[in-house]
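J.: Residue strings, one per chain:
Number of protein chains: 2
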Amino acid sequence: MIPGQRGSHPTHVTRYESDEAEQESGSQGRGSRLAFGLNGPLRSGGGGGGGGGQNVHSRSGGCQLAVVGVARRHVLLSKDGRQPRCVEGRRESGSPRLEVRGMMMEASFDTEESFDDPSCLASQPPGSVSPAKRQIKEVKETKATINCVTFPLPGEGPEQQLLKPDEWSYCDYFWADKKDPQGATSLPGFEVLLQKQLKGKQMQKEMSEFIHERTKIEEEYAKNLSKLSLSPLAAQEEGTLGEAWTQLKKSLHDEAEVHLKFANKLHTEVEKPLLTFRGDHFKKDLKKYDHHMADLRKQLASRFASVEKARKALADRQKDLEVKTQQLEVKLSNKTEEDIKKARRKSTQAGDDLMRCVDLYNQTQSKWFEEMVTASMELEKLEVERIEWIQQHLRQYTTLRHETDMFNQSTVEPVDQLLQNVDPSKDRELWVKENKTGEVRPVDMDI
Amino acid sequence: MIPGQRGSHPTHVTRYESDEAEQESGSQGRGSRLAFGLNGPLRSGGGGGGGGGQNVHSRSGGCQLAVVGVARRHVLLSKDGRQPRCVEGRRESGSPRLEVRGMMMEASFDTEESFDDPSCLASQPPGSVSPAKRQIKEVKETKATINCVTFPLPGEGPEQQLLKPDEWSYCDYFWADKKDPQGATSLPGFEVLLQKQLKGKQMQKEMSEFIHERTKIEEEYAKNLSKLSLSPLAAQEEGTLGEAWTQLKKSLHDEAEVHLKFANKLHTEVEKPLLTFRGDHFKKDLKKYDHHMADLRKQLASRFASVEKARKALADRQKDLEVKTQQLEVKLSNKTEEDIKKARRKSTQAGDDLMRCVDLYNQTQSKWFEEMVTASMELEKLEVERIEWIQQHLRQYTTLRHETDMFNQSTVEPVDQLLQNVDPSKDRELWVKENKTGEVRPVDMDI
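Chains A and B are the protein sequences, given in the same order.
Here the first sequence is numbered in full-length UniProt numbering, starting from 1 and rising by one per residue.
Here the second sequence is numbered in full-length UniProt numbering, starting from 1 and rising by one per residue.
Any given hint could be a false lead.
[Stated by the list, open to error] Negatives, chain B to chain A, calculated, CB over 10 Å:
| no. | residue |
| --- | --- |
| 1 | LYS265 |
| 2 | ALA305 |
| 3 | ASP316 |
| 4 | GLU388 |
| 5 | ARG401 |
| 6 | ASP405 |
| 7 | SER425 |
[As the list claims (entries may be wrong)] Reference listing, derived: stretches of chain B covered by chain A, where coverage requires no fewer than 3 residues with Cβ under 8 Å from a Cβ of chain A:
| no. | segment |
| --- | --- |
| 8 | 271-285 |
| 9 | 291-302 |
| 10 | 435-446 |
None of these hints come from the bench; they were simulated from the model.
Backbone N, C-alpha and C define an ideal beta-carbon position, used for all residues, glycine too.
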């Protein structure tokens with residue numbers, strides 16, 4: 001139990017806070033900074049513990065998220081906790097509205113994307129209960145820290161609404177870590193999203209390979225048709241039949257050309273766009289996301305360790321103060337009273353330390369939370385883009401196939417035409433004119 | 001000069017004549033016999049030489065023309081030289097009418113083919129001038145024997161009308177031998193026709209080879225497409241995009257099937273009919289034609305040699321008679337008168353011999369003529385059939401090509417359909433449902 005001392009909260013002078021200050025002053029100078037508020041544990045424990053005026057601890061952090069080629073989104077924590085606003089960048093398809101309940105959020109983009117519909121719902125004012133008014137025991141009953149992340153226990157805390165209901169947004173479903181099937185290790189939810197991206201990239205690459213194979217088959221086919229079309233077979237056929245035959249071979253050449261063109265277009269209009277969409281830098285970008293989120297988790301773990309350590313130190317100090325107070329009751333002395341004073345000061349200092357550590361932990365968790373939302377929405381957008389890109393280029397594939405069939409059909413028509421003109425009588429006339437030996441018939445010999 | 005002796009014409013008792021007798025008695029027992037009359041040298045020399053009643057020497061020959069798989073035509077020499085008739089078998093296309101001028105002709109078929117339009121023109125009664133009424137000198141001026149075949153000299157003899165005017169029929173244009181470009185050897189006109197047949201057979205074979213090559217290309221193409229369609233590339237793509245991708249691969253398999261079917265049909269419906277139309281027996285048949293005509297030409301040469309020999313013998317006998325007659329005038333004696341009688345008898349006999357030899361020569365030439373007309377018309381018909389057969393099967397080729405393009409087009413449609421259904425939101429929903437780690441968001445830690 002922390003005695004009812006309200007230690008003066010140490011001024012937050014961290015790197016993040018200085019960033020926050022910059023954001024609070026409205027500076028937009030550094031486009032890649034972001035901050036986000038947690039859904040604060042307001043009115044936790046169903047009215048148990050001290051009520052009264054709860055301070056809203058506006059927490060925000062800022063850091064640089066260096067992502068090449070990806071639109072970066074700034075999510076800024078509003079100073080006014082009771083007026084949460086939500087702004088989401090316009091999306092090319094669907095443009096889902098981000099609804100944020102119980103959190104302060106302001107989103108902006110440093111790309112040319114415009115904003116629309118900045119309104120959003122606000123049901124609960126965010127913030128956290130002043131620790132001095134609550135009992136630790138009570139807190140332990142409503143929250144649990146798993147892998148250094150603090151979650152409300154089932155049935156505890158205010159009901160959470162999805163950030164983006166009806167959208168199955170990544171930002172709503174990957175808060176917990178994923179247990180390994182063996183149960184030994186666990187994978188951060190964000191890693192699951194990253195793996196989806198990597199798999200998507202792989203699928204895109206494999207589709208490109210598939211089209212490449214098709215291209216090669218078409219090239220080979222075209223080469224064979226072309227070669228055959230140049231064969232001298234039956235080149236000596238004469239007359240109208242010879243003409244039809246020559247056209248048949250010529251049409252085969254045209255057919256080869258159609259398939260060669262198909263191959264070329266497949267290469268430039270399907271295979272290459274599928275291959276080069278998000279080049280090698282994409283995996284590097286994902287790695288940056290990965291490292292960034294992992295760093296935040298490490299920081300969170302470190303802050304959590306500090307909290308644990310400070311909690312133990314406070315317990316030790318409180319124990320010491322209790323012992324000394326009991327000693328005072330037994331034999332009153334100046335020396336003891338001086339000790340008690342000292343012990344109380346140390347206990348108060350330990351309480352302040354714990355508060356500072358918890359505050360730092362919460363700041364880091366808040367920071368991680370913000371990055372999670374931002375990054376997962378980025379990945380979600382990337383996935384939509386990937387699917388639409390692939391859809392567009394597979395459509396191009398079917399268009400090219402249709403074209404090929406049509407062009408192919410047109411190569412047969414002149415053959416049909418000349419086959420219709422085949423005329424054995426005419427061919428005989430032509431041949432006889434050229435090869436006749438003599439039309440004077442023999443006559444009987446006279447004696 | 002042959003003295004005015006009309007030697008009794010020896011009765012024609014040759015193999016051909018017995019055949020002729022059979023034909024004249026209306027026997028149709030042996031279907032493959034044929035006989036034909038020459039365009040006789042009627043009123044040759046522009047009224048020169050003896051006029052008067054000209055006997056018509058009906059000449060005909062019969063022989064067996066063994067041609068397998070070919071409708072055989074009987075051309076029979078009419079007994080009534082002044083009522084030439086012409087019957088030609090119905091042809092599937094064009095059905096040209098055979099007009100025979102100045103020759104007796106009757107045609108019949110031993111196949112089930114029906115006859116139509118048996119009428120034909122008759123402008124000149126056929127037959128040949130009785131040799132006894134002409135002077136050899138005169139004959140020599142109006143006719144020339146080239147390679148043992150006797151032709152009227154240019155401008156001599158009655159004007160010859162084509163047997164089948166406006167048809168460019170083989171039977172009208174290959175009477176002379178073809179001079180080799182080097183001029184050394186000469187090729188019978190009939191050989192030119194045979195070479196055309198051989199070339200036609202070769203063209204047909206080469207077209208079949210061409211289609212075979214195309215078949216192989218299609219098979220290879222189908223094999224490659226099919227193999228690619230079974231590739232596992234991007235098989236792990238999920239959701240609606242995954243469905244479209246799976247359909248794209250399935251459609252590739254269908255496309256492969258279309259090309260395989262095309263290949264199979266090309267093989268059975270084009271390549272094979274082109275290859276097997278007139279099998280190996282065809283060349284043997286042509287060889288039989290060849291040998292038959294060559295034999296007739298050899299026989300003609302032999303008969304021509306006999307004529308030359310008989311002509312020389314007659315000249316010798318005439319010289320002998322002349323010498324002996326002159327001796328008689330100088331010293332009359334019984335012995336000499338007996339010699340003259342003997343010499344006159346021998347001269348008469350030599351005259352008869354010559355007449356018999358000329359008659360045999362003319363018979364053989366007539367026989368050759370008939371065979372030439374019959375065989376060249378056969379070959380002409382074979383060529384029409386060949387062209388129509390090829391035309392028909394190249395048409396089948398274009399039909400199959402059209403079908404292939406159409407079937408191909410239909411394989412793309414289900415891909416188009418599923419590409420239209422691709423929906424990034426739905427895909428996200430499916431994936432999130434399956435892969436989400438937890439939707440409870442973290443909260444601030446309390447002290």
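J.: To test your reading of the hints: which numbers does this structure violate?
T.: 4, 5, 6, 7, 8, 9
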